[in-house]
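K.L.:
Turn these sequences into a full structure, and let the hints steer you where they fit.
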Amino acid sequence: MKRKLSILLSVVLAVVLVVMMAAVGCKGTTAETTAAETTAAGETTAAETTAVETTAAPENVTLTYWAQPGPTELEIAKEQVAAFTAANPNVTISISQMAYDTVYEQIAIALATGGVPDVANASIMWVASAMTGGYLLPIDDLINPDEYPAGALELSSFNGNLYLCPESGAGFALMVNRTLLKEAGVNDLVPDVNGTWSFDDFYKVSKAVTDLGNKKYGYAIVSANEQGDQAHYMMMLSMGGKLYNEDFTKCLMNDPGNVELMNFYLKMVDDKVVVPNAAGLLADDADLMFTNGLLAMTYGNGWQVDASLIAMKEGTQPEFEIDMTTFPCKEGIGGPFTHKAFSGPVLFDTKDEVRIKWAKEFLKYLQSDESLQLRVDALTPEGSNANLGQTVIKKTIAATIAEPSIGAKMNAVLTSYAGSVAAVAPDWSERRAAFFPELQKILLKEVTPQEGLDAVVTAIDAILAK
Amino acid sequence: MIKKIKNNIPGYLFVLPFLIFFILFKIYPIFNAIYISFFNLKYEKGDWIGIQNYIHIFKDPLFLKALGNTFYFVVILVPLTLIVSFTLAQLIFRRSNRLQNFFRAAFYLPIVISGVVISILWLYLLHPIIGLINYVLSIFHIPGVAWLGNTHTALPVLALIVLTWFIGSNIIIFLASLGNIPVTYYEAADLDGASGLRKIFSITLPLLKPTSLYILITTSVGALQIFEVVRLMTGGGPAQTTTTVMYLIYNTAFFYGKFGLASAMGVILAIIAVIIAVLQFKFLSTDVEY
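The listed protein sequences correspond, in order, to chains D and W.
Oh and the first sequence: position 73 is 73 in my numbering, straight run, nothing missing.
For my numbering, add 1000 to where a residue sits in the second sequence, where the first one is 1.
These aren't lab readings, by the way, just hints derived from the structure by calculation.
Cβ coordinates follow ideal geometry from the N, Cα and C atoms, glycine included.
Check each hint, because a few of them may be wrong.
Sample of chain W residues at the chain D side, in silico, Cβ under 8 Å [claimed, not checked]: (1) Pro1010; (2) Pro1017; (3) Leu1125; (4) Pro1128; (5) Gln1240; (6) Asn1251; (7) Phe1254; (8) Phe1255; (9) Tyr1256; (10) Phe1259.
Rough simulated footprint, nothing fancy, chain D against chain W, three-plus residues with beta-carbon under 8 Å [stated by the list, open to error]: (11) 1149–1159; (12) 1230–1238.
Restricting the straight-line Cα-Cα distance to at most 27 Å, the calculated cross-link-like pairs of lysine-lysine (BS3-like) are [as the list claims (entries may be wrong)]: (13) W:Lys1003 - D:Lys466; (14) D:Lys267 - D:Lys204; (15) D:Lys204 - D:Lys242; (16) W:Lys1059 - D:Lys466; (17) D:Lys272 - D:Lys216; (18) D:Lys250 - W:Lys1045; (19) D:Lys445 - W:Lys1065; (20) D:Lys351 - W:Lys1042; (21) W:Lys1042 - D:Lys466; (22) W:Lys1045 - D:Lys351; (23) D:Lys360 - D:Lys204; (24) D:Lys215 - D:Lys272; (25) D:Lys216 - D:Lys182; (26) D:Lys360 - W:Lys1045; (27) D:Lys466 - W:Lys1045; (28) D:Lys267 - D:Lys182; (29) D:Lys4 - W:Lys1004; (30) D:Lys330 - D:Lys242; (31) D:Lys267 - D:Lys207; (32) W:Lys1209 - W:Lys1199; (33) D:Lys445 - D:Lys215; (34) D:Lys250 - W:Lys1059; (35) D:Lys445 - D:Lys272; (36) W:Lys1003 - D:Lys4; (37) W:Lys1059 - W:Lys1045; (38) D:Lys445 - D:Lys242; (39) D:Lys250 - W:Lys1042; (40) W:Lys1045 - D:Lys4.
P.N.:
As structure tokens, then:
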């Protein structure tokens, strides 16, 4: 009897333990998951939201939507989802949010396990591999191309198909601390976002600001990892160099213009007019120095500028006069040169016809003027017309944004986009990883600039050939 | 036999939940990784390619460099961990209980704190401009060093940082083992006029052989799996001088999406770890009992 009781107790405990551990393992893995089933905000006009007309009763469907990182983005997503589901009650949308530091891993795991969302609002950089790998659905039939700048559509397409709806754009160039520039007496040499300037002036400015004793520097050459590599690509183009051939089947980074840029970097390092330890400097190091008023110029975007302005207002960052300027360029090359990155919704191929149908409807809603106005309103800090850098670029909305911020002005330079960094060609992550180790070797003088860039070309050509 | 099994049924049932999850989340992934290592799997698409991944790996200069960097960690960390842990344990062991407890906690603290936090802390300490270490050097008019930006210093610096993690638990293990050595041996040695060093080499070290073997194996396996410090502090640089096999596996899988190739690297690393452990067992195992 005692033995039978012991066995029974063991069985019960074993079952309870298995169930408990399974329940723990089945907990949601995303940072926040919200099912927006009903309208949360009374002020959204559900009547204006497009309801999909169907002849038969619409099928019930649950979609997954990945919002961009950031607390404001989650709030925007909730409002958009609430409005859409109010107009289409058969649709339930579960919102998850990507984490900026692990976005590549998150997408890679989703692609490998088949756990992709139906719709994601992402930067083109993050989904480039998914796009070129055939995991995204083309959305040409969902967008009116006349409503978007042609350059934005081009950078969001691959093999002639549009995959990302360029909802918002961030202009990347150089953030500048005009307070430091004025103290050094070189502020006039640095133009605003619509101007051009030479590499000679860039050198002069960096030299004038750099004060080793007080740990103030003109510029930081970052090369510890792939973060910030677009700055080098833009500088290469600005020096008259090339990156890839037209169809992105051949790397051209050992171009003489690029070799000249590397020699220019080495001169700045040797003359000690940049932050030391270039080979080991992280982009985050440079950002930290810049926001603490120790660095006059660094690679950045309009979003970072606007975020700094807010931080200065809140007192969490030292105050200084912040602005943006373009990359310097060699005479005769043209300019101003900036790098553009676009973000917007993409559709993943879930291979479920019903989900794809409603995901397309949701994407169409996300691009409606009503939905985009939610984004503009949310990203405009109270009491100002500043727009957080990532301005909505759909022409109908962009035209209504009054008194644009520095970030928005950056985006107005859209037409001056210099050249593609080939993010929308296959194996973007792998190609980036082939570049910066050779750049480090060049900066450490372990190889000559030509040798280093030749090695980059060899590595990238091998990747492109696969 | 059947009666024995019947008698042990409660025990098996208690072990069953752990066994299920161990098989599902440890054993199955190992076999799955071996399986997909024979495919050119990119995300979820791939074809059978046999041993092509393995051939590619051994021809890849970056993998060979990463292997070299990984072995550097093993060769440097394993003896250093043993020597430093043992020495500190010896120094602590004869102290009062209060002092012992204090040092136990102090040396164990790095293990309790997240590796990410420690890595970020060391990033600030080693910063070439605002770092504390270079600031201290500047007080003595010694020029600052680009600790993580120099190909000669980056790897040794990372090894030293990892050492601070490794020694903590090993000091605790050594302390426990030292307490198990009968005092009578030392008393007998005292009667024979043995010096302190003689007692260490003739009594302490031989009797600590099982413990040392355990620490040797676990530290070797740990050194083969170094990833956090590389990911957070150097990104594998400068010039790939700190890229380890684990870091390469991570990038290959989660940045390039090449899960087949990454699995093949993982299989090779596992085989290396098994070979090292088997060799250590074969040549260093002992049947010391006391």
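K.L.:
List, from low to high, the hint numbers that the structure doesn't satisfy.
P.N.:
Of the numbered hints, 3, 13, 23 and 40 do not hold.
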